[in-house]
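Enquirer: Model the placement of chain F on the given structure of chain R, informed by the hints.
So the protein lines, in turn, are chains R and F. Numbered by the numbering used here, the letters in the first sequence go through residues 99 to 290 in order. Numbered by the numbering used here, the letters in the second sequence go through residues 222 to 621 in order.
Treat the hints as calculated values from the structure; they're not laboratory data. Heads up, a few of these hints could be off.
Now the stretches of chain F that chain R is said to cover, found in silico as 3 or more residues with beta-carbon under 8 Å [stated by the list, open to error]:
(1) 395 to 409
(2) 440 to 447
(3) 523 to 535
(4) 543 to 557
(5) 563 to 575
Please read these numbers as outputs of a predicted model, since none were measured by experiment. For glycine and all other residues, C-beta sits at the position ideal for the given N, C-alpha and C.
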Amino acid sequence: MDFEALTARLKTRFPEVEAQAAQAGDPVLRVPPARSLELLRALRETPEFGFDSLACLSGADTGKELWVVYHLHSFEHRHRLAVKVVLPREKPEVESVVKLWAGAEFFEREAYDLYGIVFKNHPVLRRLLLPFDWAGWPGRKDYVYPEEYQGVPLRREGQYTVEDVAKSVAAREARDKELQARVAAEKRGGAG
Amino acid sequence: MSDAVPVQAPEVPRVRSEEMVLSMGPHHPSTHGVLRLELTTDGEVVVSARPDIGYLHRAIEKIAEHLEYRQFMPYTDRVDYLCAMNSNHAYALAVEKLAGITVPPRAELIRVLMAELNRISSHLICLGALAMDMGAFTPFLHGIIHREKVNDLFESVCGARLTYNYLTLGGVAAELPPAFLDQCEAFSEYLPPQMQEFNDLITGNSIFQERLCKVGVVPPDRAVSHGLVGPNLRASGVRWDLRKHEPYSLYGQLEFDVPVGDGGDPKGSNPGGRLGDAFDRYVVRVKEVAESVKIVRQGVKRLRENDKLPESHEDRKIQAKTPLRLKPKPGEVYMRSENPRGETGYYIVSDGSEKPLRLKIRTGSFSALNCFEEITRGLLISDVVAVIGSFDIVLPEVDR
Numbered sequence: 099m100d101f102e103a104l105t106a107r108l109k110t111r112f113p114e115v116e117a118q119a120a121q122a123g124d125p126v127l128r129v130p131p132a133r134s135l136e137l138l139r140a141l142r143e144t145p146e147f148g149f150d151s152l153a154c155l156s157g158a159d160t161g162k163e164l165w166v167v168y169h170l171h172s173f174e175h176r177h178r179l180a181v182k183v184v185l186p187r188e189k190p191e192v193e194s195v196v197k198l199w200a201g202a203e204f205f206e207r208e209a210y211d212l213y214g215i216v217f218k219n220h221p222v223l224r225r226l227l228l229p230f231d232w233a234g235w236p237g238r239k240d241y242v243y244p245e246e247y248q249g250v251p252l253r254r255e256g257q258y259t260v261e262d263v264a265k266s267v268a269a270r271e272a273r274d275k276e277l278q279a280r281v282a283a284e285k286r287g288g289a290g
Numbered sequence: 222m223s224d225a226v227p228v229q230a231p232e233v234p235r236v237r238s239e240e241m242v243l244s245m246g247p248h249h250p251s252t253h254g255v256l257r258l259e260l261t262t263d264g265e266v267v268v269s270a271r272p273d274i275g276y277l278h279r280a281i282e283k284i285a286e287h288l289e290y291r292q293f294m295p296y297t298d299r300v301d302y303l304c305a306m307n308s309n310h311a312y313a314l315a316v317e318k319l320a321g322i323t324v325p326p327r328a329e330l331i332r333v334l335m336a337e338l339n340r341i342s343s344h345l346i347c348l349g350a351l352a353m354d355m356g357a358f359t360p361f362l363h364g365i366i367h368r369e370k371v372n373d374l375f376e377s378v379c380g381a382r383l384t385y386n387y388l389t390l391g392g393v394a395a396e397l398p399p400a401f402l403d404q405c406e407a408f409s410e411y412l413p414p415q416m417q418e419f420n421d422l423i424t425g426n427s428i429f430q431e432r433l434c435k436v437g438v439v440p441p442d443r444a445v446s447h448g449l450v451g452p453n454l455r456a457s458g459v460r461w462d463l464r465k466h467e468p469y470s471l472y473g474q475l476e477f478d479v480p481v482g483d484g485g486d487p488k489g490s491n492p493g494g495r496l497g498d499a500f501d502r503y504v505v506r507v508k509e510v511a512e513s514v515k516i517v518r519q520g521v522k523r524l525r526e527n528d529k530l531p532e533s534h535e536d537r538k539i540q541a542k543t544p545l546r547l548k549p550k551p552g553e554v555y556m557r558s559e560n561p562r563g564e565t566g567y568y569i570v571s572d573g574s575e576k577p578l579r580l581k582i583r584t585g586s587f588s589a590l591n592c593f594e595e596i597t598r599g600l601l602i603s604d605v606v607a608v609i610g611s612f613d614i615v616l617p618e619v620d621r
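So here's chain R without its partners, still in its complex pose:
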């Protein structure tokens, strides 16, 4: 089944899902967090969908909201589907899918570790990549890099600060703009 057929079939049982069209890349199915587990269970267990494999699970931060994106794949039917759950920044909670796909365990722990997304009913929701006592969610756009960890300074002397980087980026952009203006002026001159 292709994306349109899958969406049409799902709409009858889950009227709240919506297909998200994009200007580039793959289409995505959006579903509210309250019904995500139910929908994913249906995708996993209904024979006509038969999504027996979770290819990828990603957490993401757009700056405004948090996402959990499931990329599903069916070995039997050879079709695939991307399902996106949008979560509010204040209380990002979604049901865990470890019971449906055992491979979700590490994926969900990583999303928790980097984005602070809480997966309810996960067997061991602990940090995976970072030390267990690390503070904050480094994947998020508003994360501020800490000055020290356990008394160990994380910024060496002479290393660039965030302000330095911002300054150099601004300088480069100004240079680019000047260059573009000059090129445009030359073009105008050439045409005239």
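Expert: Okay, now just chain F, sitting in the frame of chain R:
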């Protein structure tokens, strides 16, 4: 004396067995400081083996959000440095799909050739390292010798021996040197007899087989549920290869087989084992090397035909026309390709600017470690080493 009281046997205190927590390593090349296994053991038997990862976490995904699409290419080398060409390829495919770039045929041919050469060299390291873990040092050196030839080929193309940064968005960075195709062909002639020798040395060795057969068995349904990919999945009998079943680049036009595990089959290559055991994972990789050699030969042949075209022909270009500053339209893409360690997927979200909004890398070793605890329960400690080696785990790919 005859009716003396019989001597009572001294009371032997009952041996109380107590679980012990051990940190395992270093055995496999990957456990030198970057993978810690927290073993809970009861005597020699493993109660649980919990992988503790993150020692090589470099926040590559976060770095990507601060770089333009082109600038990120060298970082993909470092995601999996045993097959940097394949990592380059996976990233290039994802961005090209997102931005709608068509790669010229000659560049595609070169890419396939490089990907398969790198697959051979990566598998050779895995096979040799597994044999080394099992106490046989010589096969590792054989693997390294053959890999050196591939590294020499790569060095002549791009100057680097480990992290190549050779593929670009929309093509490849440089034209092949004049003698490259001859050298490639010579390598494809050289390798099969050497692999025969390798097999005589270790694959057919009965001690080696005894160590791996029926160890770390992953049944097909568990392999699918755990999201195992690549050779680890095929060893469990699932015939799934993205090059064959979801063809990208030029793989749809090439001829090659997809070897799968056949443990327990009396006519197969693993008669004494069980489907999905460590020896199946080993044998699948041995067979894949032979398939890659087939693809290398076809690639060389097609490139020779391409060479006959006139210099100015469109098909002889190695780089598509792409804007200097790439700005894909808003949207998202999940593109996956078959790397030596299985499916490598790049999930890229674009907001229309020159930097990705989010870039996530899904790798094969990550899933292999996910199922590690379940597979090793109840094994002997020495078998845990065999299971690590047979999954072909590369830690920079796990931590990213």
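Enquirer: Does each hint hold? Answer for all of them.
Expert: Results of checking the hints against the structure:
1. 395 to 409: violated (count 0)
2. 440 to 447: It holds: at least three residues are needed, and the region 440 to 447 of chain F offers 4 whose Cβ sits within less than 8 Å of chain R.
3. 523 to 535: violated (count 0)
4. 543 to 557: holds (count 8)
5. 563 to 575: Check passed, 7 qualifying residues.
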